[in-house]
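Engineer: Read top to bottom, the protein sequences are chains G and P.
Heads up, the first sequence is in this note's numbering, so the first residue is 67 and it goes up one at a time.
Heads up, the second sequence is in this note's numbering, so the first residue is 9 and it goes up one at a time.
If you are wondering where the hints come from, they were derived from the structure by calculation, not from laboratory data.
Using 16 Å as the maximum straight-line C-alpha spacing, the simulated EDC-like pairs for lysine to aspartate or glutamate come out as follows:
1. Lys562/P - Asp177/G
2. Lys208/P - Asp190/P
3. Lys70/G - Glu441/P
4. Lys551/P - Glu517/P
5. Lys70/G - Asp108/G
6. Lys586/P - Asp621/P
Across the chosen pairs, the derived CB separations fall in these ranges:
7. Glu436/P - Arg135/G: 32 to 40 Å
8. Thr501/P - Arg105/G: 39 to 47 Å
9. His285/P - Ala125/G: 50 to 58 Å
10. Glu95/G - His285/P: 36 to 44 Å
Here are some of the chain P residues that sit facing chain G, going by a computed Cβ distance under 10 Å:
11. Leu395
12. Glu543
13. Thr578
14. Asn597
15. Arg606
Don't be surprised by glycine CBs; every beta carbon is placed ideally from N, CA and C.
The primary structure of each chain is shown beneath.
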Amino acid sequence: MTVKVLLVDDSLEILEALKLLYSLNSTFEVVGAVQSYERAWDVIEREKVDVVSIDIQLANENGLDLCERIHKANKDTFVVICSLIGDAVMMKIAEDRGANLFIPKPMSSSDLYTVLASFRQFQLTDTKTIDVDTVLARLLTL
Amino acid sequence: MLKSLARLGKWIRNHQDRYSNEDCQGSVNIQPVEELSSEGTESNILPQIDGSISYLNGNFQIIDPVEFGSYPSLTIPDTLREHVYVDGKKVSRKTIVVSSTSIIRVELPSIPPKTEISISVSEDRLSVSMAVVFHHGLRFTMRPFESTIKGPLQLDETIVPAAAPSIEELREVLQNHSFKGDIDDLALQDLSEASHPIRKVVLRGKSPVVGTPSVIKPAPLPSGYDPLGRLRPLKTIKAGTIICYIQEGTPPIAGIDVYGNPVPVREPKDQLPSLGHGVTRFGNNIIAVRSGRVSISMILVDVIPQLVLHDDITPNGGYISFDGDIVVYGSVQDGSRVKASGNVVIHGGVYGSTIIGEHGVTIHGGCVKSTVLAGWAQEFYKDILPLVQSLIGMLELLEQDLSRVLEHIEAKGVTDVKRGLVAGILIEQHHVELLPLLNQLLAHFRSTSLHQLAARIEPIVETIQSKWLGILYKHLTMPDIHKLTTLLVKYKTYIESTISGDTASIVIESATSSRLHSTGNVDVTGFGTYSSAIESGGAISVKGLVRGGFLIAKHAMELQELGSEMGAETSAKVLDSKGMIHVRLRHSNTLLDVAGRRDRSLFTQKNVHFGGDAKHDRKSVTS
Numbered sequence: 067m068t069v070k071v072l073l074v075d076d077s078l079e080i081l082e083a084l085k086l087l088y089s090l091n092s093t094f095e096v097v098g099a100v101q102s103y104e105r106a107w108d109v110i111e112r113e114k115v116d117v118v119s120i121d122i123q124l125a126n127e128n129g130l131d132l133c134e135r136i137h138k139a140n141k142d143t144f145v146v147i148c149s150l151i152g153d154a155v156m157m158k159i160a161e162d163r164g165a166n167l168f169i170p171k172p173m174s175s176s177d178l179y180t181v182l183a184s185f186r187q188f189q190l191t192d193t194k195t196i197d198v199d200t201v202l203a204r205l206l207t208l
Numbered sequence: 009m010l011k012s013l014a015r016l017g018k019w020i021r022n023h024q025d026r027y028s029n030e031d032c033q034g035s036v037n038i039q040p041v042e043e044l045s046s047e048g049t050e051s052n053i054l055p056q057i058d059g060s061i062s063y064l065n066g067n068f069q070i071i072d073p074v075e076f077g078s079y080p081s082l083t084i085p086d087t088l089r090e091h092v093y094v095d096g097k098k099v100s101r102k103t104i105v106v107s108s109t110s111i112i113r114v115e116l117p118s119i120p121p122k123t124e125i126s127i128s129v130s131e132d133r134l135s136v137s138m139a140v141v142f143h144h145g146l147r148f149t150m151r152p153f154e155s156t157i158k159g160p161l162q163l164d165e166t167i168v169p170a171a172a173p174s175i176e177e178l179r180e181v182l183q184n185h186s187f188k189g190d191i192d193d194l195a196l197q198d199l200s201e202a203s204h205p206i207r208k209v210v211l212r213g214k215s216p217v218v219g220t221p222s223v224i225k226p227a228p229l230p231s232g233y234d235p236l237g238r239l240r241p242l243k244t245i246k247a248g249t250i251i252c253y254i255q256e257g258t259p260p261i262a263g264i265d266v267y268g269n270p271v272p273v274r275e276p277k278d279q280l281p282s283l284g285h286g287v288t289r290f291g292n293n294i295i296a297v298r299s300g301r302v303s304i305s306m307i308l309v310d311v312i313p314q315l316v317l318h319d320d321i322t323p324n325g326g327y328i329s330f331d332g333d334i335v336v337y338g339s340v341q342d343g344s345r346v347k348a349s350g351n352v353v354i355h356g357g358v359y360g361s362t363i364i365g366e367h368g369v370t371i372h373g374g375c376v377k378s379t380v381l382a383g384w385a386q387e388f389y390k391d392i393l394p395l396v397q398s399l400i401g402m403l404e405l406l407e408q409d410l411s412r413v414l415e416h417i418e419a420k421g422v423t424d425v426k427r428g429l430v431a432g433i434l435i436e437q438h439h440v441e442l443l444p445l446l447n448q449l450l451a452h453f454r455s456t457s458l459h460q461l462a463a464r465i466e467p468i469v470e471t472i473q474s475k476w477l478g479i480l481y482k483h484l485t486m487p488d489i490h491k492l493t494t495l496l497v498k499y500k501t502y503i504e505s506t507i508s509g510d511t512a513s514i515v516i517e518s519a520t521s522s523r524l525h526s527t528g529n530v531d532v533t534g535f536g537t538y539s540s541a542i543e544s545g546g547a548i549s550v551k552g553l554v555r556g557g558f559l560i561a562k563h564a565m566e567l568q569e570l571g572s573e574m575g576a577e578t579s580a581k582v583l584d585s586k587g588m589i590h591v592r593l594r595h596s597n598t599l600l601d602v603a604g605r606r607d608r609s610l611f612t613q614k615n616v617h618f619g620g621d622a623k624h625d626r627k628s629v630t631s
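Could you build all of it, start to finish, from the sequences and the hints given here?
Structural biologist: Below, the structure written as structure tokens:
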């Protein structure tokens, strides 16, 4: 089962490089590479996106606004902030606004694996606690 | 004579009071002599002759004085005070008066000569040295003196040289110590003839002889030129060629020390590399069993087969995967995939394709929208590691859930057959990602079946295929889950230790919208890179421009131009804190990062040196 990824960055060159990175791992499927807030939201509404990679500086927009909006709309979406600004203060702000992971640019293939591992962990912690009686009921029907 | 008379007169005057006429019985009336005149006195003056002492020919001769002459005396120096006897008594004074009846005896001290012989054994106990030290003696004789009233007792010293020991004496000393070995007669002779302190090695044991290891020596190989490229001599050989030979070592020989004990010597360690699949050994010759390129290193001798393609590679040609080197005298067109366990050399360009070379990739043209990987096996392992980590996490969670459910239903009295189905239910309903991930793992294995490194994953693949695929998972038990978890944990440990291995480099003319990843260096020799992601386990060098994208190197970076006048976002990172990024022309909106120390520029700068420490920074701002 592939992980659907949406890339959001105002730089075409960076989007190109990010697409190359994410395509390295066949687990990821890049479903969109957009340069603005609005276009990103269009893709999110249209597709079931598992991971969104957002740059903070999106021309005249703030990527953290998009991050917060996604987090409020769907907590199952894993948001990665990928930015040139990589200080601890910004990381904290991003976390407060709903980011699940912060990767300062430049992004490497190791960072890609970090995204994957973090996403997997995110999925596991999101799993509901097993209801034992439900399992037992199913078992007794077999 | 006159002096003696004057002294006598004086004596009388001084003692006149003492000796009065009344006191003396039968005394002589002594009248002092008032005047003395030489005339007519000789017949009235008593003769006074002092005594004398002399030491000649080893004897003292003492003459007593005449009439009132003085007795002779002997002056004794401090050093002899204890050694002079007069009339049987030891002299305690510096000067002693003697007479002809005195018996004078002088005990002359003497120091006899001595020769000292010492022996020492060397630290390695393979030789014995003998040293001879001479301690010369001293003989004292009394210095003769002529007749005199005050005889000076003086000594003369004579050095008595110590004699060198004879050869027989030296041999006897050696025999007394029961040494074993060869005696050096010449050394003994030197010792016996010596007159000054000397040390010589006189006996030697048998030194051990260190062996030499067997080594590989390359044989002369045929060479030739490629008529198409005329680039360089090809180092390819045909099957049956002797590529190297083994030079046998020499065995060690144990020694014997001077005590007769054996001296062991370590066996030399052979420095023979392993033989690859492309060679075999006949006697001491290593022979190629297939045609290809010779590869001789300290670790491995092999013949890497070479696949040479003289045309462009297209998707019609299929997926080229070769255990050896691949040389393409053309370009690689869209949709192609070229993978080699050795080197890949492309003389043209690469478009929309994937090039993988385990030992390195060289592309004489540029690459566009392509992926170039050098050091493929490490790439594979890095790719598979997060998958393995995820699987381990999932399986551990499954074990916990299964254990909890089994405990709960134990009390309900559910039969063993039913209990055996619980794991399947959990996988179906709650751990739905597990089976797809296991299938991904299998897909990875299939893609690496060419390389022998995939052998490590085979036990895991076998376990998955026998217990987890299809409907088999419905009957999984706790031991089955635990077994797979254990195998994956071991594999994860192996991957983590293997990821750093031999480095492989990429040399390329240019890269556009491409990904370059090498475990060694990346060298871009032409116009530069655009919108590309470049990663290097060594250093990155770009002689042209770098516009957009990411550059990440482990140790260092040398760039001609970074970014663009229009402010294309470009970032460069070096992981090593001692690393350095050097950029000749740096535009605005570019980021430099060395081990977490980041600098984003808003101006154009020239000749920028940026390191992990601010004190190494240099730059000049132009705008």
